[in-house]
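Chemist: The residues making up each chain are set out below.
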Amino acid sequence: MPVKCSFCRKRYERAGAYKTHLRSAQANLDIVLSSTIRNAPADVHTDRGTDLSDANEPIQHSDSDYESDPAGDTAGSEHDAPDDTLRREPETEVLEDNTYPVAAEQDDYPAAGEAIGEVKEYKQECRDLCENPWAPIASAEGFKLASWFIERKVSKTRINDYFSNGIANSTSVGFTSMHTLENLLRHLDPYSPYLQWLDGHVEEGQRTLPFFYRNVLDWVRYLLRQIAYRDDLVHAPRREYDQSGQRIYAEMHTADWWWDVQVLPRSLFYVKAY
Amino acid sequence: MSDQTNLTNFSGDKKAWPVYMTIGNVPSTIRNRPGSMAILLLGLLPIPAKLAKSSRADKLQRLINADTVRGVFKLIFAPLNGAAREGAPIDYADGKIWRCFLIMSGWIADHMENVTLHGIKSNACPKCEVHPEELGSRAGHHRARDYARYERYEHENPFLDSETHDAAHARYTNETHGIRRGQNVFQGLVRVLMPDLHKPDMLNTIYLGLFKHLRDWIQGFLKKHARQQAFDDAWKALPTYPGFFVPKKAYREVTQWHGKEMRKLGCCLLGVLTVALRQPDSTQVQPFRRALTCVRSLLDFTMMAQYRSQTPETISYMEEYATQFHETKDIFLEFRISKRTQEKADELRKGMRRQRAQMRERVPPSQRRRIRDDDREEENDQGMELIHSESNINFVKIPLISHFRDHIYMFGNIPKYSTEYGKLAHKEQIKDGWRRTNEIDAARQILSSYSRQHAIHMRILNLEFLQRAGADLPTEVVEHLEKTRPAPTPPAHRRMLNGLRDNIHDVVDLGRACDISPETICPELIRYSRLSLPPDRRLPENPAILRTLPVELLTQLEILVLAYLESGVYDIQRARCTGAQLFRNQTSRNDCVWIQAGGENMYGALRGHVPARLIALFKIRSGYM
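Chains A and B, in that order, are what the protein sequence lines are.
In terms of the working numbering, the first sequence is residues 113 to 386.
In terms of the working numbering, the second sequence is residues -12 to 612.
Hints may be right or wrong, so weigh each one.
[What the hints assert, rightly or not] DSBU-like, lysine-lysine: derived pairs with alpha carbons at most 35 Å apart: (1) A:K256 x B:K418; (2) B:K326 x A:K268; (3) B:K251 x A:K268; (4) B:K199 x A:K232; (5) A:K235 x B:K326; (6) A:K265 x B:K337; (7) B:K199 x A:K256; (8) B:K83 x B:K199; (9) A:K268 x B:K199; (10) B:K83 x A:K235; (11) B:K470 x A:K265; (12) A:K256 x B:K251; (13) A:K265 x B:K251.
[Said to hold, decoys possible] Here are the computed distance ranges between Cβ atoms for each label pair: (14) A:E217 x B:L47: 23 to 33 Å; (15) A:G229 x B:I427: 16 to 26 Å; (16) A:Q236 x B:K61: 36 to 46 Å; (17) B:P21 x A:G229: 31 to 41 Å; (18) A:Q236 x B:N485: 44 to 54 Å; (19) B:A65 x A:K232: 54 to 64 Å; (20) B:E469 x A:V266: 39 to 49 Å; (21) A:Q236 x B:E138: 15 to 25 Å; (22) B:N425 x A:S289: 30 to 40 Å; (23) B:E73 x A:T269: 47 to 57 Å.
[Unchecked claim] Chain B is faced by these chain A residues, among others (derived, beta-carbon under 7 Å): (24) M290; (25) H291; (26) R342.
It should be emphasised that the hints constitute simulated quantities derived from the structure, not laboratory data.
A quick note: this is a predicted structure, and the numbers were derived from the prediction, not measured.
Where a beta carbon is used, it is the ideal one built from N, C-alpha and C, also for glycine.
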């Protein structure tokens, strides 16, 4: 069934041609038309598939997908009221751009990064963590109990109460009071020295105000040392392009700033100096 | 290898001024997830005493305060400089030591916080030198702030309060550039451009900033054109829809708006406004069109700004919307009227009346009415003119949105810099800890309480990673991890029906519940099954058999929807349908959904979909299963 353009009486047999026409002729038009509710994620996936092959696939350039202007056309005779309100539903907005532009090409920063050595204890630490996952807490029960206490925000007195009442089987748990638990938790994080708190005081008239801070450098060392983030870490800037060759700006490493401040290894040269 | 640090700062609780930090190497989707523990407290700052406005002693105190804050920041940032200049060897999670350059890339804060930290005036833009009186115009062509120059300047003119010519000049420069004495706390960081530190923030700039004003303007606009009732009617008639919560109060009755409500307002505002401004008379066509264009371009801008990945094309659209907003915003100018302007307008009107009374003393009664009308028109015109020339849309959020474009080019998408994540960290790391303290020496207790939690969490995260990486872990560990995992990821491609109703057993019951006779339902069901269902799942064609099949009536359909601009994350949307029964003792809920009613090429751009209301959710089981 041919579609008639609502602005200029042209008729189109195919959706693709109609869309191209809309995009070129009605570029200044408005309401982003919520295409559809693609309820089933299954649909979504098929759409993603076609995206790659077909550049005219409607959802890809959702923002250029416009509908007639109910604003300019305040008489709004063709559209009845609920229709207009529905058009701006949030979910449809969400759904129509469900294609995270897949980087078709990318361009890595050349020769970024320089490893200057190996961490000696690294392998040993990984092995330790596998072999003795709850260290320094003796057992899985102990760890579970401890994490339950802490995460459920059980107060100190109640924890002590719990042990003094004799409900607990403290031999398998490995701690007998809040005090011993605290000591254990202090050693739970092998890198906690990195997160040491420093304190200072500010004199202000009659009163002294305390403040607390961590060493920024150690703080970064701590985060980078956590293997939980290992595979997600980004080391170097990168330029990504979509199918039509347009640059994609998404995460920080895909934008210009990082590219500009990236420092080459000493063996090459410094690119940037402020 | 350089390494970006991305700082989050948030001040809210009176007793805490925490500074958070996170690193840019962890992608934003991961670090901003609440469970990732990647946004960590870096410091708790001292809170200087709050001062009343302007007295000479307080001025001094204010300077001291600014210096204090600056000193503390200097202390905290001190290790950064060496690392940014020369790089620092850092043990990496992959077992290698890397040379890392730590460079601060951004500072996320609300406007008042930025004002304090950058040492600017509250009506100045932290990024560029836009004059306070030009805030409403399109900024962007203004010179970027050069904080180093300000400092030099202040150094050269230490006696700003003296009466010399130089001091007066310096005061004037400070005034026009909107800087205060006491400098930027980020001064002196290596490889950091200070204006770049400021990050756009959707929550404060758009939702709590521009939308708040927009709301007032629309109110005023509706009042002027007597469309308030129509607006409220449309507002109240908003249909329920999964993921959208329906406003319970009339628009005018809502006194407090939260960020979430503002977001919902953004979703439905244009539709409601369009309905309310239907059928304008001849004088209203132009203003209505202009108002709608203005609102629409602002909303479109907001939508575009939220994209998690941008291309030059999307950015150019965003810019277009911003331009359109600037071109049309003068329609709302009259609702930015200040008291002073209103007084002036009233005076003008009175003056005109007086003048007229003196001029024409004898007018024949026949002409009196016509003349009065003319007079009134003239009065209105003049008053309007005055109001337009006196009021302005100058507030600081406007230049901020004009920096969005450059920010995307420099730093990528905008939502990842939202202050919301700071708020979240605030709750977890400060407020929860605060509640557990005995309020004596609270800071220390907050810190230690959170470190305990953090240690446990981090251990779990590391173990989880090892499990994913295929390390050989004891079974009890795996079991524990399975249990603690926050939400098991729902199986994709599935829709779940929930909320079984008891008293429905077959098609006849179903018909009774929906108030449709079985004679109508059965043929429809059969037609549907013949057209849309695969052969092995079709219903029996005989209505008599169909009536005997067991039917379940349900109230909720859970639909997995791909999250906004994400690839593997799903949101669950719940389409509810309670039929005629009440939902949670409120009104009954029959959500709206889009249904595929034709081919892709039907209904123009709706692509074959039409909106509809759910009447019933049911399931028919054929006898064999």
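Chemist: Compare the structure with each hint and give your call.
Modeler: Checked hints:
1. A:K256 x B:K418: holds (24 Å)
2. B:K326 x A:K268: violated (57 Å)
3. B:K251 x A:K268: The hint is violated at about 42 Å.
4. B:K199 x A:K232: violated (57 Å)
5. A:K235 x B:K326: Answer violated: A:K235 to B:K326 is near 71 Å, above 35 Å.
6. A:K265 x B:K337: Between A:K265 and B:K337 the Cα gap is close to 68 Å, so the pair fails against 35 Å, i.e. violated.
7. B:K199 x A:K256: Violated - the C-alpha atoms of A:K256 and B:K199 are around 47 Å apart, more than 35 Å.
8. B:K83 x B:K199: violated (51 Å)
9. A:K268 x B:K199: violated (45 Å)
10. B:K83 x A:K235: holds (11 Å)
11. B:K470 x A:K265: Distance ~19 Å between B:K470 and A:K265 Cα, so the pair holds.
12. A:K256 x B:K251: violated (41 Å)
13. A:K265 x B:K251: OK: A:K265 and B:K251 at ~34 Å, within 35 Å.
14. A:E217 x B:L47: 23 to 33 Å: Between A:E217 and B:L47, where Cβ atoms are some 59 Å apart, the hint is violated.
15. A:G229 x B:I427: 16 to 26 Å: violated (47 Å)
16. A:Q236 x B:K61: 36 to 46 Å: Check passed, 39 Å falls within 36 to 46 Å.
17. B:P21 x A:G229: 31 to 41 Å: holds (35 Å)
18. A:Q236 x B:N485: 44 to 54 Å: For A:Q236 and B:N485 the Cβ distance comes to about 50 Å; the hint holds.
19. B:A65 x A:K232: 54 to 64 Å: violated (29 Å)
20. B:E469 x A:V266: 39 to 49 Å: With a Cβ separation near 24 Å, B:E469 and A:V266 fall outside 39 to 49 Å, so the hint is violated.
21. A:Q236 x B:E138: 15 to 25 Å: violated (50 Å)
22. B:N425 x A:S289: 30 to 40 Å: Taking Cβ atoms as reference, B:N425 and A:S289 lie about 18 Å apart, which means the hint is violated.
23. B:E73 x A:T269: 47 to 57 Å: Given a distance of about 50 Å, which is inside 47 to 57 Å, the answer is holds.
24. M290: violated (10 Å)
25. H291: Cβ of A:H291 sits 13 Å from chain B, so the hint is violated.
26. R342: holds (4 Å)
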